[in-house]
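Colleague: Please build the complete structure, drawing on both the sequences and the hints.
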Amino acid sequence: MSEITPQLLGIQLVAGIALGAVYALLAIGLSLIFGMLNVVNFAHGAFFMVGAFLGVYALGLTGSFWFSLLLVPLATGLIGLVVERFLVRPLYGRGIDYPLLLTFGLSYVLVDAMRFFFGIEGLPSSTPAALRGATDLGFGFFPTYRLFLIVAAALVIGALWLFIEKTRYGLIIRAGARDPEIVRVLGIDVAKVWLLVFGLGTAIAGLAGALAAPTRAVNPEMGITVLAESFVVTVVGGMGSLPGAVVAGLLVGIVFSLTSLFAPELAELSIFVLMAVVLLVRPQGLFGKAGQMG
Amino acid sequence: MSESTLIEQARGSAGALAAVLRFTARHRVGMVLAFLLVMPLLLPYEALAVNILIFGLYAVGFNLLFGYTGLLSFGHAAFLGIGSYLAGIAIVSFGLPWWAAIPIGVLAATVAGVLIGLLAIRTRGIYFSMVTLALGQIVYYAFYKAERWTGGENGLRGVRVEKIDLLGWQLDFVDPVTKYYVVLVFVAAALWFVSRVLASPFGAVIEAVRENETRAAACGFDVARTKLLAFTLSAAVCGLAGTLRALHLSIVPIDSLHYLQSGQAVMMCLLGGMGTFFGPFVGAAVFLYLEDVVTHLTAYWMAAVGTVFMVFVLFFPRGIWGSTLAWLERIAARGERA
Chain P
1 MSEITPQLLG
11 IQLVAGIALG
21 AVYALLAIGL
31 SLIFGMLNVV
41 NFAHGAFFMV
51 GAFLGVYALG
61 LTGSFWFSLL
71 LVPLATGLIG
81 LVVERFLVRP
91 LYGRGIDYPL
101 LLTFGLSYVL
111 VDAMRFFFGI
121 EGLPSSTPAA
131 LRGATDLGFG
141 FFPTYRLFLI
151 VAAALVIGAL
161 WLFIEKTRYG
171 LIIRAGARDP
181 EIVRVLGIDV
191 AKVWLLVFGL
201 GTAIAGLAGA
211 LAAPTRAVNP
221 EMGITVLAES
231 FVVTVVGGMG
241 SLPGAVVAGL
251 LVGIVFSLTS
261 LFAPELAELS
271 IFVLMAVVLL
281 VRPQGLFGKA
291 GQMG
Chain R
1001 MSESTLIEQA
1011 RGSAGALAAV
1021 LRFTARHRVG
1031 MVLAFLLVMP
1041 LLLPYEALAV
1051 NILIFGLYAV
1061 GFNLLFGYTG
1071 LLSFGHAAFL
1081 GIGSYLAGIA
1091 IVSFGLPWWA
1101 AIPIGVLAAT
1111 VAGVLIGLLA
1121 IRTRGIYFSM
1131 VTLALGQIVY
1141 YAFYKAERWT
1151 GGENGLRGVR
1161 VEKIDLLGWQ
1171 LDFVDPVTKY
1181 YVVLVFVAAA
1191 LWFVSRVLAS
1201 PFGAVIEAVR
1211 ENETRAAACG
1221 FDVARTKLLA
1231 FTLSAAVCGL
1241 AGTLRALHLS
1251 IVPIDSLHYL
1261 QSGQAVMMCL
1271 LGGMGTFFGP
1281 FVGAAVFLYL
1291 EDVVTHLTAY
1301 WMAAVGTVFM
1311 VFVLFFPRGI
1321 WGSTLAWLER
1331 IAARGERA
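Here the protein sequences come in this chain order: P and R.
Mind the numbering: the first sequence is residues 1 to 294 in my numbering, read in order.
Mind the numbering: the second sequence is residues 1001 to 1338 in my numbering, read in order.
No wet-lab data here; the hints were simulated from the structure.
Glycine included, each C-beta is placed from N, C-alpha and C at the ideal position.
Hints are supplied without guarantee of correctness; some may be wrong.
Here are some, though not all, of the chain P residues that point toward chain R, as calculated from beta-carbon distances under 8 Å [to be verified]:
hint: 1; residue: 101
hint: 2; residue: 279
hint: 3; residue: 280
Modeller: Below you can see the structure in the form of structure tokens.
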């Protein structure tokens, strides 16, 4: 730990931003579902894990990383649709804790489902051939896959932003998050919108898993820590805020990455302490509106 | 037999049922203890009984917050774990006797309850669950990394209590039956305490907060202070469960601080019946017995418990004991009306 060169710092920073990009995707999915359905998806980490498994599996099966990136969100989104329709929907109007409890139970089932299909050891993941090695950015070499991860997440987030802010469907989602009653009165089938939003949220979680798979160990338990980390990001950023999710995601990613460079023992702890500090200073989160926490 | 005698009989038995229900409610601590006294005789082996006793107490502590105050914490493993670790460290690193280790563990869990509670009650509703989960993970990682004191990943080993000396009366703590009844003494004290809290004016206020926070505040109750006090008491009870668990297992696994351990309290509480006095023990017993049976049959224990839990959330949100009570009360009420 004696020499921390600018090069090392730069690489660690890129790793932090790449990690933060994944966090941002996770937090956006959580926020989207919460903003619309008032449901905290405790199976979000499990969907991330399923996405990672399916991504590695699809890559091995088809040999095409791009194809796997297309397939995974479709698959996890589909699981999400089934879950909303048959498990979450009966619980609306029964208090906010019930969907949360249900998705917690679901996460247990998803963990064992992956153990059943792919074994308890998990799958060996590798970086796709085209994205291996390092890329020269003019001021230094950086791991290509991390750079790709950042670009890919930026594209997904950009597309989501356009979808939510600029399209008719996005308008319905935003209106539904503010007042589902009025949206229903205007003749829109809110139940269908909720279904699709849950599916969209789980699709993004799965995609985040598939994108992150080459950078971490793919095993059935990987979603368990990811869930806690995505809660940290959501609380830091402020629930229901898209810019909040992105900024907090990057912040948490960078904090984690830099602490693991300077004080490796404190890396996991650092992001939770960051959250505690944000709670003390600004309980609604960096971008949340005051009073929204209730 | 004429119709009127039949009705008379039905009314009589329903009245008796109602009387039994009232009696059980009034003497809830005694009734639970009567059950716990004979429980080891009903189970295949005594170690399971000790586990049910300890996790039942853990779920009782959690239920004080979740069932009665209406706050769903996902961070209560922190208090179970801190109770275990601090009692364990007192014995292993400082060579203190077991009876001194218990108050140390409970006190540490109570202090942690105040600190985590202060932060967590700044948030409401669904955020409360997320924030308590994340704050609980702080404790998990802190103990994980403090390897010198806690043993890190391997857990804290060597919390050995073999003999309990009671004014010259030697008790063999290795014997599971003796152990069970020693632990039961502490559980009984805690149950009496929780029952007193629930029967006090404060107990009425926490239920008022659960039913309608705004109205409770409008009635002049300090909601934030009520929540913090309920959180702290709940943490103390879970801490006691933790200290007893450390003595029982003679090691403290690091998993006892993980949020999945908090989830276990949630599951037990809901399976048994949240907001009921006996429910947490029923939940703990069913959960642990199921675990025992299922892990012998299949490796997919998590899928089984997850499915059972989802079925209860969807169809039996009152839990086993809560549904049974509601059913008996309905019969009694119907009979009295007839």
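Colleague: Decide, hint by hint, whether the structure agrees.
Modeller: For each hint, the structure was consulted:
For residue 101(P), the suggested interface contact is upheld, since its CB lies about 5 Å from the closest CB of chain R, less than 8 Å. Satisfaction of the interface hint for residue 279(P) is found here, the shortest Cβ-Cβ separation to chain R being roughly 5 Å, below the 8 Å cut-off. Satisfaction of the interface hint for residue 280(P) is found here, the shortest Cβ-Cβ separation to chain R being roughly 7 Å, below the 8 Å cut-off.
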